[in-house]
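Peer 1: Protein chains in written order, with the working numbering: chain A, 1 to 369; chain B, 1 to 316.
One or more of the hints may lead you astray.
As the list claims (entries may be wrong) - No farther apart than 25 Å at their CA atoms in a straight line, the calculated lysine-lysine pairs in the DSS-like style are these: (1) Lys69(B) to Lys144(A); (2) Lys269(A) to Lys191(A); (3) Lys127(A) to Lys181(A); (4) Lys119(A) to Lys232(B); (5) Lys222(A) to Lys119(A); (6) Lys144(A) to Lys232(B); (7) Lys368(A) to Lys354(A); (8) Lys191(A) to Lys31(A); (9) Lys144(A) to Lys26(B); (10) Lys211(B) to Lys232(B); (11) Lys119(A) to Lys144(A); (12) Lys121(A) to Lys232(B); (13) Lys211(B) to Lys127(A); (14) Lys269(A) to Lys360(A).
These are computed hints drawn from the structure, not numbers from a lab.
These figures come from a predicted structure and were not determined experimentally.
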Amino acid sequence: MTSKSSANSSSVAIEVQGLIKTFGTGDASVKALDGVSVSIYENEFFTLLGPSGCGKTTLLRMIAGFEHPTSGHVLLGGDHIGHLPPFMRPVNTVFQNYALFPHMTVGENIGFGLEMLGKDKSEIARKVDQTLAMVRMEEYVNRKTSQLSGGQQQRVALARALAPEPRVLLLDEPLSALDLKLRKEMQIELKRMQHETGITFVFVTHDQEEALTMSDRVAVMKDGLIRQIGAPREIYDHPTERFVAHFIGETNFLEGELHDINGSTGMIKLASGSNVPASLPDEAAAGTVTVVVRPEHALLSTSPDNASLTGEVKTIVYFGTDTHYHLELESGDSFVVRMQNQRDSGTDYQEGSKVGITFKDNAVQVLKD
Amino acid sequence: MSAETTLAHAHGAPLTGAEAEAATVKREVRNRWFLLSPAMLIICGIGIMPLAIIIGYSFMEQGNYAGVKWEFTLESWMNLITERDIFDDTLGWNHAHISIMLRSIGLALMTMVTTLIMGFPTAYFITTRPEGQRNFWLFLIALPFFSNLLVRTFSMMLMLRDDGYINNVLLFLGVIDEPMILIYTNTAVAIGLVFTYLPLMVMPLYASMEKLNFNLVEAGYDLYASRFQVLKRVILPSVKPGIIAGCILVFIPAIGAYVTAKILGGGKNLMIGNLIANQFGTSRDWPLGSAISLFMMIVVMIALIVYVRNSLAEQD
């Protein structure tokens, strides 16, 4: 699957080939990764997104070196590193709970990696100052880490991992402990730091919004497998699997008959009898398929005659910026339409009124499963 | 409604605010002393009183057969490390006492260091077991405490004596040609002390290691620290309270050990505990026994204060 980033950056930072990880033995064994292959490019903000237990953290820990693959390879810049201990990999991690050394000051924490690499004192001091400036924590250099707030600890953890200038920075749900406002701030900060340093970021999260706003590319994982990789837009607009469509954003699922396949597009005959154009995944075959339509890619109309679908408005939920209309289709399925509110838009639709639904261009996406 | 007004109503007659407040304070103070009294009784009865008696005895003259004469003297304190020559009455060093004290301190220090070296990996092993198994391993560590110290020490004797298990096994394996003399030596006492006090080291070490966030260890590895550097720079500073507690818990009883030295040391490798026991037994010198006890207590306390202060200063 091609995306914008892969076209731009030629060299691969991290490559993972057929990675399998099994924990435990015999009947009690659990397959955390079930054959994962992925290339992560230089200077890319790459996100592993999935529900808990999908294997995203295991994959990250294997790149870091905390876990070793049951089978498969991990390559960094073309070299095999799967067998190396963490301290021999030019890769640093920002831990979920920060894991700052409690007996050291902020400055000592940040300088630790450089010290272990055997850098001389003046260089360490210079680099610590520089990194602290980048996370805007200059005045805290001599503080104990226990005297810092959660957001400040987060910045120190980030600075500590960035100070040794790793080839790849791994971030294990680093924002999950912060409150919403701080999290939004840190999302922008992280993106800025990735730009400034040019270091490849591999970011693990279960928060789809976080993944969409920050990433160059997102890999959606489930049950130890990557289900779809692509730019946030691609993942959101063209999910290829039911799980991906369901996990990211709100979606309407419809049944239809696929016909007239022409490359990556085709026609779908819906239950209502009307035909609509649709985008297809690879290897789509004619026949009964499931299609998805995002709520904001559909429109309501008061004239049901020339609409693709018709239904009855059941509930109207007002959200300020937009309004959600929960409909019941003639087929009995439910369908949600989201329309942006205008200053002068009146209440065209009431609960109980019969309406038509039309789709915007390219709104219908066919799923593989 | 405030406490003052409630009180006024209860008494029927109106009290002024200040009077009511004074009454409340008085009653609270009385209640506090009443509630504290069981604890105070225990502290006085089994803590301060015996100590006061020992301090008193140490400044009295030796009784004719045992006990003390009610005469003030500093003789016992002089006799700690010095003695008067029986012929010309000159003051000289009491070499017997000094060597016993040095041996006690040396053996206690050695026990402390050895149990630390053995206990650290043991505690680490237990900490890294799955949660359900840890209690089982701790139980095994604590198991010797379920038997009597005398029995355990006599069993050590079976191991250490000339035709004991250690010598027999080594002879059988051909490591040695003739039995080593282990029993009734300082080595035997040291082995006995380590065996006895190892659990007291493992327990506090385990307690502090269990609280260690293993993410810190991973963070250390991640930041290019080797295994040794992680141990030195991350693990040791984090479990320092446990190390201090373990060292104190081992050193204090070890320096006053009695049974171990008595049985495994024969009569000839005495420790302070045996010396004190002798004063209350065959030597019938209670004031000297009291003075040695207090002297030991002072030494241990000074050592502790210095040790803990240094350790804490290092940490900051």
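Peer 1: All hints, please: hold or fail.
Peer 2: Status of the hints after comparison with the structure:
{"no.": "1", "hint": "Lys69(B) to Lys144(A)", "verdict": "violated (60 Å)"}
{"no.": "2", "hint": "Lys269(A) to Lys191(A)", "verdict": "violated (43 Å)"}
{"no.": "3", "hint": "Lys127(A) to Lys181(A)", "verdict": "violated (30 Å)"}
{"no.": "4", "hint": "Lys119(A) to Lys232(B)", "verdict": "holds (19 Å)"}
{"no.": "5", "hint": "Lys222(A) to Lys119(A)", "verdict": "violated (42 Å)"}
{"no.": "6", "hint": "Lys144(A) to Lys232(B)", "verdict": "holds (19 Å)"}
{"no.": "7", "hint": "Lys368(A) to Lys354(A)", "verdict": "violated (32 Å)"}
{"no.": "8", "hint": "Lys191(A) to Lys31(A)", "verdict": "violated (33 Å)"}
{"no.": "9", "hint": "Lys144(A) to Lys26(B)", "verdict": "violated (45 Å)"}
{"no.": "10", "hint": "Lys211(B) to Lys232(B)", "verdict": "holds (17 Å)"}
{"no.": "11", "hint": "Lys119(A) to Lys144(A)", "verdict": "holds (23 Å)"}
{"no.": "12", "hint": "Lys121(A) to Lys232(B)", "verdict": "holds (19 Å)"}
{"no.": "13", "hint": "Lys211(B) to Lys127(A)", "verdict": "violated (32 Å)"}
{"no.": "14", "hint": "Lys269(A) to Lys360(A)", "verdict": "holds (16 Å)"}
Checked against the numbered hints given earlier, the structure breaks hints 1, 2, 3, 5, 7, 8, 9 and 13 and satisfies all the rest.
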